[in-house]
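K.L.:
Top to bottom, those sequences are chains A and B.
Read in full-length UniProt numbering, the first sequence has 92 at position 92, and its numbers run on one by one without any break.
Read in full-length UniProt numbering, the second sequence has 90 at position 90, and its numbers run on one by one without any break.
Warning: the hint list may mix true and false statements.
[As the list claims (entries may be wrong)] Think about it this way: if two alpha-carbon atoms lie no more than 20 Å apart in a straight line, the pair counts; the simulated EDC-like pairs of lysine to aspartate or glutamate are: (1) A:Lys23 with A:Asp36; (2) B:Lys71 with B:Asp27; (3) A:Lys145 with B:Glu15; (4) B:Lys71 with B:Asp25; (5) A:Lys23 with A:Glu13; (6) A:Lys145 with B:Glu16; (7) A:Lys23 with B:Glu134; (8) B:Lys145 with A:Asp143; (9) A:Lys145 with B:Glu87; (10) B:Lys23 with B:Asp93; (11) B:Lys145 with A:Asp12.
[As the list claims (entries may be wrong)] Listed next, with one range per pair, are the computed distances between beta-carbon atoms: (12) A:Ser149 with B:Glu77: 42 to 52 Å; (13) B:Glu16 with A:Arg67: 17 to 27 Å; (14) A:Thr106 with B:Gly39: 19 to 29 Å; (15) A:Glu51 with B:Glu77: 20 to 30 Å; (16) B:Thr146 with A:Ser149: 56 to 66 Å; (17) B:Lys71 with A:Thr106: 25 to 35 Å; (18) B:Gly28 with A:Leu72: 24 to 34 Å; (19) A:Gly130 with B:Glu16: 18 to 28 Å; (20) B:Arg140 with A:Thr106: 13 to 23 Å; (21) B:Leu18 with A:His11: 39 to 49 Å; (22) A:Gly28 with B:Ala129: 14 to 24 Å; (23) A:Leu72 with B:Arg131: 20 to 30 Å.
In case anyone wonders, no lab produced these hints; they're calculated from the structure.
For clarity, every value in this text was computed on a predicted model and none was experimentally measured.
C-beta atoms are modelled at their ideal positions from N, C-alpha and C, and glycine is treated no differently.
Below, each chain spelled out in residue letters.
There are 2 protein chains.
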Amino acid sequence: MTSSFLAPGSHDELEEGLQLTPKFDRDGLVAAIVTDADGGGVLMFAHMNAEALRATIATGVAHFWSRSRGKLWRKGETSGHEMTVLELRVDCDQDALWLSVRVAGTGAACHTGRRSCFYRVVPTGENAAGRSLEPVDDERLFDPKTVYSG
Amino acid sequence: MTSSFLAPGSHDELEEGLQLTPKFDRDGLVAAIVTDADGGGVLMFAHMNAEALRATIATGVAHFWSRSRGKLWRKGETSGHEMTVLELRVDCDQDALWLSVRVAGTGAACHTGRRSCFYRVVPTGENAAGRSLEPVDDERLFDPKTVYSG
Numbered sequence: 001m002t003s004s005f006l007a008p009g010s011h012d013e014l015e016e017g018l019q020l021t022p023k024f025d026r027d028g029l030v031a032a033i034v035t036d037a038d039g040g041g042v043l044m045f046a047h048m049n050a051e052a053l054r055a056t057i058a059t060g061v062a063h064f065w066s067r068s069r070g071k072l073w074r075k076g077e078t079s080g081h082e083m084t085v086l087e088l089r090v091d092c093d094q095d096a097l098w099l100s101v102r103v104a105g106t107g108a109a110c111h112t113g114r115r116s117c118f119y120r121v122v123p124t125g126e127n128a129a130g131r132s133l134e135p136v137d138d139e140r141l142f143d144p145k146t147v148y149s150g
Numbered sequence: 001m002t003s004s005f006l007a008p009g010s011h012d013e014l015e016e017g018l019q020l021t022p023k024f025d026r027d028g029l030v031a032a033i034v035t036d037a038d039g040g041g042v043l044m045f046a047h048m049n050a051e052a053l054r055a056t057i058a059t060g061v062a063h064f065w066s067r068s069r070g071k072l073w074r075k076g077e078t079s080g081h082e083m084t085v086l087e088l089r090v091d092c093d094q095d096a097l098w099l100s101v102r103v104a105g106t107g108a109a110c111h112t113g114r115r116s117c118f119y120r121v122v123p124t125g126e127n128a129a130g131r132s133l134e135p136v137d138d139e140r141l142f143d144p145k146t147v148y149s150g
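Just chain A, with the same shape it has in the complex (with noise of 0.2 Å):
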């Protein structure tokens, strides 16, 4: 499948204009921020090349394009955790990809089994320097020895 979207136009038309025109970068991707429809906050962060955007716009299931595997990956097509997109935004220079989501399944986002891959505070502040990360909602929803395995 090739892009069938229009390249991005002036400056003006790509922040004011109603037409999408993804400025893809030199990989050929835009970014992708996931989160909780349900007010959960961010889930993942991935990359969308064309093909996954097409395929994420036209059945409204999160497709992302995975850069470790170099393939298109139908989110949760291994372990169930499949994503319906309640909503899809793009910002104002259309580099990067807002998808409000429902995930199926165990409702994990994260290969490591949590709810959301971003399961770690950085401290910030004064004290800060060389303080330690700071697990929160870690827990896992599913053993992903299991899920991934074979």
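Using the hints provided, position chain B relative to the given structure of chain A.
P.N.:
Chain B only, in chain A's frame:
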């Protein structure tokens, strides 16, 4: 300022460890997702280099790397829309950060004057092909021509 972050260790250390070892890309950047601490969803998407991340951690105020200007960028330095970081998290493979923030001034995070950079919905589903973007939450809280002039 050079990075004093340790280099990423093993796969297991990166995902399960409590040491911040950011996985900077070939341009020396990690992704930075900014959400509204008061439940207002995703405000913007940007990047940080080691210096921006160190400054954000030390000050509790959001700093980024401006790819367009090629310089450290203390968000709000021109517009007054400084971002106080209420919580900073890192993702499983430590190449993305999530900043939960409160925005000063008018509360606008986007350089176009809107509260969020994500002010257009991309239609999805069976009849989505060829449909225009749909403006949402796109009121301008400030006039960019005035704020960024001169």
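K.L.:
Are the hints correct? Go through all of them and say.
P.N.:
Results of checking the hints against the structure:
1. Among the hinted pairs, A:Lys23 with A:Asp36 is inconsistent with the structure: their alpha-carbon atoms are about 25 Å apart, more than 20 Å.
2. Under the criterion of a C-alpha separation no larger than 20 Å, the hint pairing B:Lys71 with B:Asp27 is consistent with the structure, at around 13 Å.
3. A threshold of 20 Å between alpha carbons decides the hint, and for A:Lys145 with B:Glu15 the separation of about 14 Å falls inside it, so the pair holds.
4. Restraint check: the Cα-Cα separation between B:Lys71 and B:Asp25 comes to about 17 Å, which is no more than 20 Å; the hinted pair holds.
5. Restraint check: the Cα-Cα separation between A:Lys23 and A:Glu13 comes to about 12 Å, which is no more than 20 Å; the hinted pair holds.
6. Using a Cα cut-off of 20 Å, the hinted pair A:Lys145 and B:Glu16 holds, with the two alpha carbons roughly 14 Å apart.
7. With a C-alpha separation of about 18 Å, the suggested pair A:Lys23 and B:Glu134 falls inside the 20 Å cut-off, and the hint holds.
8. A C-alpha spacing of about 53 Å is found between B:Lys145 and A:Asp143, which places the hinted pair above 20 Å, so the restraint is violated.
9. Between A:Lys145 and B:Glu87, the direct Cα distance comes to roughly 31 Å. Violation of the 20 Å bound is thereby established for this hinted pair.
10. Taken as a hint, the B:Lys23 and B:Asp93 pair is honoured in the structure, with Cα atoms around 7 Å apart against an allowance of 20 Å.
11. For the hint pairing B:Lys145 with A:Asp12, the CA-to-CA distance comes to about 13 Å; that is within 20 Å, so the pair holds.
12. In this structure, A:Ser149 and B:Glu77 meet the distance hint of 42 to 52 Å, their C-beta atoms being roughly 50 Å apart.
13. The hint said 17 to 27 Å for the Cβ distance between B:Glu16 and A:Arg67, and at roughly 21 Å that hint holds.
14. In this structure the hint that A:Thr106 and B:Gly39 lie 19 to 29 Å apart at CB holds, the actual value being about 24 Å.
15. Checked against the hint of 20 to 30 Å, the pair A:Glu51 and B:Glu77 fails, with Cβ atoms roughly 39 Å apart.
16. The supplied range of 56 to 66 Å is met by B:Thr146 and A:Ser149, whose beta-carbon atoms lie about 59 Å from each other.
17. A hinted range of 25 to 35 Å for the beta carbons of B:Lys71 and A:Thr106 is inconsistent with their spacing of about 44 Å.
18. Evaluation of the 24 to 34 Å hint for B:Gly28 and A:Leu72 yields a pass: the beta carbon distance comes to about 28 Å.
19. Remark: the range hint 18 to 28 Å for A:Gly130 to B:Glu16 is upheld by a beta-carbon distance near 20 Å.
20. Taken as a hint, the range 13 to 23 Å is violated for the pair B:Arg140 and A:Thr106, whose Cβ atoms sit roughly 41 Å apart.
21. The given range of 39 to 49 Å is respected by B:Leu18 and A:His11, whose C-beta atoms sit roughly 43 Å from each other.
22. Against the hinted window of 14 to 24 Å, the Cβ-Cβ separation of A:Gly28 and B:Ala129 comes to about 21 Å, which satisfies the hint.
23. Between A:Leu72 and B:Arg131 the beta carbon distance is about 23 Å. The supplied range of 20 to 30 Å therefore holds.
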